[in-house]
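**Student:** Residues per chain, in single letters:
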Amino acid sequence: MKVLHSDVLVIGGGLAGLRTAIGARRRGMEVSILSLVPPKRSHSAAAQGGMQASLANSIKGFGDSEDVHFADTVRGSDWGADQAVVRMFVHMAPKAVRELAHWGVPWNRVKAGPHPVVINGEPVTLQEPPSAHGLITARNFGGTAKWRTCYVSDGTGHSMLYNVSDQAIAANIPVHERMEAVALIHDGRRCYGAIVRNLMTGELLAHTARATCIATGGFGRIYRVSTNAVINEGMGAAIALETGVATLSNMEAVQFHPTGIFPAGILVTEGCRGDGGLLLDGRGHRFMPDYEPEKAELASRDVVSRHMEYHIRKGHGAETRFGQHLWLDIRLLGEDHINHKLREVKEICQYFLGIDPVHELIPVRPAQHYSMGGVRTDALGQSPQLAGLFACGEAACWDIHGFNRLGGNSVAETVVAGMIVGEAIADYCQSEAGQCAIDSALVNDCYRRQREEIAGLLASSGPERAGDLVRAMQDTMTTHVGIYRDGPGLTEAVRTLAELLARSRDLGLHCRAPGANPELVLAWRLPRMLKLALCVAQGALNREESRGAHSRVDFPRRDDSRWLKRTLARWPTGARQPELSYEALDVMAMELPPGWRGYGERDHVHHPDTARREAEVAAVRQRCTDASARQEALMPYAHLLPERYRRENERFEPPGEGEQ
Amino acid sequence: MSEDGAGVPSAVAAGSQDQGGTGRTLYLEIFRYNPADPDSEPQFRTYPLEETPGMTLFIALNLIREEQEPGLQFDFVCRAGICGSCGMLINGRPGLACRTLTASMEPRIRLAPLPVFELIGDLSVNTGKWMRGMSERLQTWVPATVDADIDSIEAPMEPELAEQIYELERCIECGCCIAGCGTAIMHERFAGAVGLNKVARFRLDPRDTRSDGNYYELIGDDDGIFGCMSLMGCQDVCPKSLPLQTQLAYLRRKMLRAGLIATG
Ligand code: SF4
Ligand code: SF4
Ligand code: FES
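Chain order of the listed sequences is A and B.
Following UniProt numbering, the numbering of the first sequence begins with 1 at its first residue and continues without gaps.
Following UniProt numbering, the numbering of the second sequence begins with 1 at its first residue and continues without gaps.
With the rest of the complex left out, here is chain A (with noise of 0.2 Å):
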């Protein structure tokens, strides 16, 4: 058996792994980056449309900050989000776009005059003032009340990826790529490393760690129709999952974008309705005033694709061989604006519907897009359960997403993670908890029962096969835990998929070569995909209230009182099932209590502690006028933040009136 060793292993090479690697690796510690892709490959390239900080440099930024972020998100995650990690992410936002700045990343910046924008469907003129000329400008998204999403063109997520991958082969940190952990090494109390496959050879090695760091992504691919790259099969959870100790949570908030290009279900950017885009019905109507008055097509992802699937049950939508569509209509931005903001769009409908959207609509549907849940963490990224073990990015549930992510907020959450992660990373190797004796004989067992299940698999001559148990799986989960879920439907797919996993005990494989061997590759992820897709569909039939993208047609309110909670899925080993567990969010810890998210439904039901919990910030707002006391009173957490990134974040100063 051959084993590695390093200070720190990090588990996926994109955006917020890398990140994590940069930070531990500037504090000295020997890092190692596992990817199964080439690390610009990661799907961290597909992010377009951009990255949210308030930086408040364009007229229509000007009176953000940290506050009104903070704000929008909480509303966002539908009151499920971690409020003091939420504090964290938006202090650190605009420093992570600085940073960026710094490494090459080639913003969008401020031009000084007036530009032509189109809002609510009408052209308007903006005025920037000459002294914002140059800064970092940001476009409009969902969900927030000022334009505060940073972007390069329609490429944002390619363009950080590159310049921070750029950045790890300038501190010279080794990218093992092509290689896929299969297993964590670990005692039930504290993880030593993973157990790793070499997808090009075949060749299964041990690659210890002090500290080992899951950054995989999200597991868009246990559904059918997803805008998630081939490889978000979600195996940095599921192999948390597998320990048996460490927890996911929230499996159950996953997101549905609304503009996936139909059929094909590949993503066009949110920004496409940021920067004025209309959705329009079969009989080319536009459609969503009618349910949303104020924010239309700008409410938040989760109310916006479940208008539209409505709309289309309703029977206004397209019809086409391939069955029923909306549309996207970018026609009104005009060819100037699509070539240089939204040309990874017009790529994208040139190659793979035929069509100029400079002239012609879109046909969209919403399509899965993204994991709020992962693997439970606390606010430095560690695992409550498994010490040494970190997570950061979409495979983790840190939690600034609660049950629905702004459009923005996971760029922004890649980065930031890693820059925190990464020092927490680094802390912690440097601490006495960080020190370890790795025993041999424990990653010898580890490293035999994974030789043992793949020897197994190879040898198999059962009578299923896992391409066709991974469709069935993939079928259920877009047909009874899509967007609009119900008990009966729920109840099938948990019964559904546990019949899949115990049939994937009985595979046989027909291919047998050495080497690569892509049959065997999927037939080892599948029994792990589909307990994570049971850790989903399980934790929203428990749940039975409406949060966020979670929406039960037989629960249709948020239900504060019951379910304004955490759920945590942990799958004991040898079990058939997860055994899930809830953790409850303190009101009176929250600097927003709950309330009204600004659109969506406005009907719920309050949680006991809400009017003592308002009452209690209301004299707090009036007590303390001094920002960083008021802070303090309310919800600290200054104090959970490296100390490097303590510092308060200048901004724009925005000329007053006539002074322009």
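No lab work stands behind these hints, which were simulated from the structure alone.
Built from N, CA and C at the ideal position, the CB exists for glycine as well.
Accuracy of the hints is not assured; some may be wrong.
[What the hints assert, rightly or not] Rough simulated footprint, nothing fancy, chain B against chain A, three-plus residues with beta-carbon under 8 Å:
1. 302-314
2. 421-434
[What the hints assert, rightly or not] Straight-line alpha carbon distances no greater than 25 Å define the calculated DMTMM-like cross-link-like pairs of lysine to aspartate or glutamate that follow:
3. Lys111/A <-> Asp205/B
4. Lys2/A <-> Glu452/A
5. Lys95/A <-> Asp147/B
6. Lys60/A <-> Glu158/B
7. Lys95/A <-> Glu160/B
8. Lys95/A <-> Asp205/B
9. Lys346/A <-> Glu167/B
10. Lys346/A <-> Asp208/B
11. Lys111/A <-> Asp208/B
12. Lys60/A <-> Glu160/B
13. Lys2/A <-> Asp37/B
14. Lys346/A <-> Glu160/B
15. Lys565/A <-> Glu601/A
16. Lys2/A <-> Glu118/B
17. Lys95/A <-> Glu163/B
18. Lys60/A <-> Glu163/B
19. Lys111/A <-> Glu158/B
20. Lys565/A <-> Glu242/A
21. Lys129/B <-> Glu30/A
[What the hints assert, rightly or not] Residues of chain B clear of chain A, computed beta-carbon distances all greater than 10 Å:
22. Phe44
23. Ile90
24. Glu106
25. Arg108
26. Ala144
27. Ile153
28. Glu188
29. Asp221
30. Arg253
31. Gly259
32. Ala262
Given the structure of chain A, go ahead and fit chain B with the ligands onto it with the hints provided.
**Tutor:** This is chain B with the ligands only, laid out in the frame that chain A set:
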């Protein structure tokens, strides 16, 4: 289906369910060779396949893997033409398989791995290793100061300059330009259009403080700009339509001048 080898048929289902065929049968002639298998011999094998509407090579290859050849190796990640994983020779020409519609081709389609790159198996090649090596040699990054000020207002940049940098940064490291380049095929260490374009990108960037003299040390030889024969195979095949011709010509002029200064 993915670059890492697993085959999840979801995108296939999403793209092609319940729609009947187009009436055409395709014949995909696919290069097969598994270096890990001592019994494997390089060869082309033909796979018949019923075409469906909107079928891409991504869908076609996944169907073949699912129904006929479970061990078939190929690389897809984004299946949307943005990640650069799926470069291959499609009827002899380098291109992105995921966004190539079968309807745009004759029914006989020949697929081979990109040359130059190390072969992993069948259609899968190790572009990642090649690109990392190139990046290390050319130092394709902004030399970053470790403790940059990230609390204060950022330095302004001209909006047009930011757009120009992005124009060059759109490269997806797919390797098509390398596979289409005579020099790259002969010289292992040639930076290629992908590498030279990166140097042009960083040269434009005011945050990169390196001088032309510094760049000359990196690319002022036959492994760099002077190895380029300006035949423009690269520009013709670049799926992102990067302005490689202009960039290479410009860089050549700048490096000639830097070379003159360097040699006095
Ligand atoms: S122009 Fe230069 S880089 Fe491009 S294909 Fe020809 S030799 Fe290669
Ligand atoms: S320059 Fe074009 S062809 Fe070459 S790697 Fe980049 S995107 Fe691909
Ligand atoms: S799979 Fe990403 S470019 Fe083809």
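**Student:** Take the hints in turn and mark each one as holding or not.
**Tutor:** How the hints compare with the structure:
1. For the region 302-314 of chain A, the stated coverage by chain B is not satisfied: 0 residues place a CB nearer than 8 Å to a CB of that chain, which falls below the threshold of 3.
2. Figure legend: the region 421-434 of chain A, annotated as covered by chain B; annotation inconsistent (0 residues with Cβ-Cβ distances under 8 Å, at least 3 required).
3. Among the hinted pairs, Lys111/A with Asp205/B is consistent with the structure: their alpha-carbon atoms are about 18 Å apart, no more than 25 Å.
4. At most 25 Å may separate the alpha-carbon atoms for a hinted pair to count; Lys2/A and Glu452/A meet this at roughly 16 Å.
5. This hinted pair checks out: Lys95/A and Asp147/B have alpha carbons roughly 12 Å apart, not beyond 25 Å.
6. For a cut-off of 25 Å, the pair hint linking Lys60/A to Glu158/B stands: about 20 Å separates their Cα positions.
7. This hinted pair checks out: Lys95/A and Glu160/B have alpha carbons roughly 24 Å apart, not beyond 25 Å.
8. Pair hint Lys95/A plus Asp205/B holds up; C-alpha atoms about 21 Å apart against a cutoff of 25 Å.
9. Our distance criterion of 25 Å between C-alpha atoms is met by Lys346/A and Glu167/B, whose separation comes to about 15 Å.
10. Taken as a hint, the Lys346/A and Asp208/B pair is broken in the structure, with Cα atoms around 31 Å apart against an allowance of 25 Å.
11. With a C-alpha separation of about 23 Å, the suggested pairing of Lys111/A with Asp208/B holds against the 25 Å cut-off.
12. Proposed proximity of Lys60/A and Glu160/B is supported: the alpha carbons are some 21 Å apart, at most 25 Å.
13. The hinted pair formed by Lys2/A and Asp37/B meets the criterion: a straight-line CA distance of about 21 Å does not exceed 25 Å.
14. The hinted pair formed by Lys346/A and Glu160/B meets the criterion: a straight-line CA distance of about 21 Å does not exceed 25 Å.
15. The straight-line distance between the Cα atoms of Lys565/A and Glu601/A is roughly 19 Å, inside the 25 Å bound, and the hint therefore holds.
16. Of the pairs offered as hints, the one joining Lys2/A and Glu118/B holds, with about 24 Å between alpha carbons and a cut-off of 25 Å not exceeded.
17. Taking the CA atoms of Lys95/A and Glu163/B, the gap is near 22 Å; set against the 25 Å cutoff, the hint holds.
18. Annotation: proposed proximity of Lys60/A to Glu163/B holds, straight-line Cα distance about 21 Å (limit 25 Å).
19. With a CA separation close to 8 Å, the supplied pair Lys111/A and Glu158/B stays within the 25 Å bound.
20. At roughly 24 Å between alpha-carbon atoms, Lys565/A and Glu242/A fall within 25 Å of each other, so this suggested pair holds.
21. For the hint linking Lys129/B to Glu30/A, the alpha-carbon distance of about 21 Å falls within 25 Å, and the restraint holds.
22. No beta-carbon of chain A comes within 10 Å of the beta-carbon of Phe44/B; the shortest separation is about 18 Å.
23. Listed as outside the interface, Ile90/B is consistent with that label: its C-beta sits roughly 14 Å from the nearest C-beta of chain A, beyond the 10 Å cut-off.
24. The Cβ of Glu106/B lies farther than 10 Å from every Cβ of chain A, with a closest approach of about 19 Å, so its non-interface assignment holds.
25. For Arg108/B, the condition that its CB be more than 10 Å from all CB atoms of chain A holds, with the nearest at approximately 22 Å.
26. Not every beta carbon of chain A lies more than 10 Å from that of Ala144/B, the smallest distance being close to 5 Å; the non-interface claim is violated.
27. For Ile153/B, the requirement that its beta carbon stay farther than 10 Å from each beta carbon of chain A is not met, with the minimum near 5 Å.
28. No Cβ of chain A approaches the Cβ of Glu188/B within 10 Å, the least distance being about 19 Å, so the stated non-interface status holds.
29. Distance to chain A confirms Asp221/B as a non-interface residue, since its nearest Cβ pair spans about 22 Å, more than 10 Å.
30. The beta carbon of Arg253/B is kept farther than 10 Å from every beta carbon of chain A, the shortest such distance being approximately 24 Å.
31. The non-interface label for Gly259/B is consistent with chain A: the shortest C-beta to C-beta separation is roughly 26 Å, beyond 10 Å.
32. At roughly 24 Å, the least C-beta separation between Ala262/B and chain A is larger than 10 Å, which holds for a residue marked as non-interface.
Hint violations for this structure: numbers 1, 2, 10, 26 and 27, all remaining hints satisfied.
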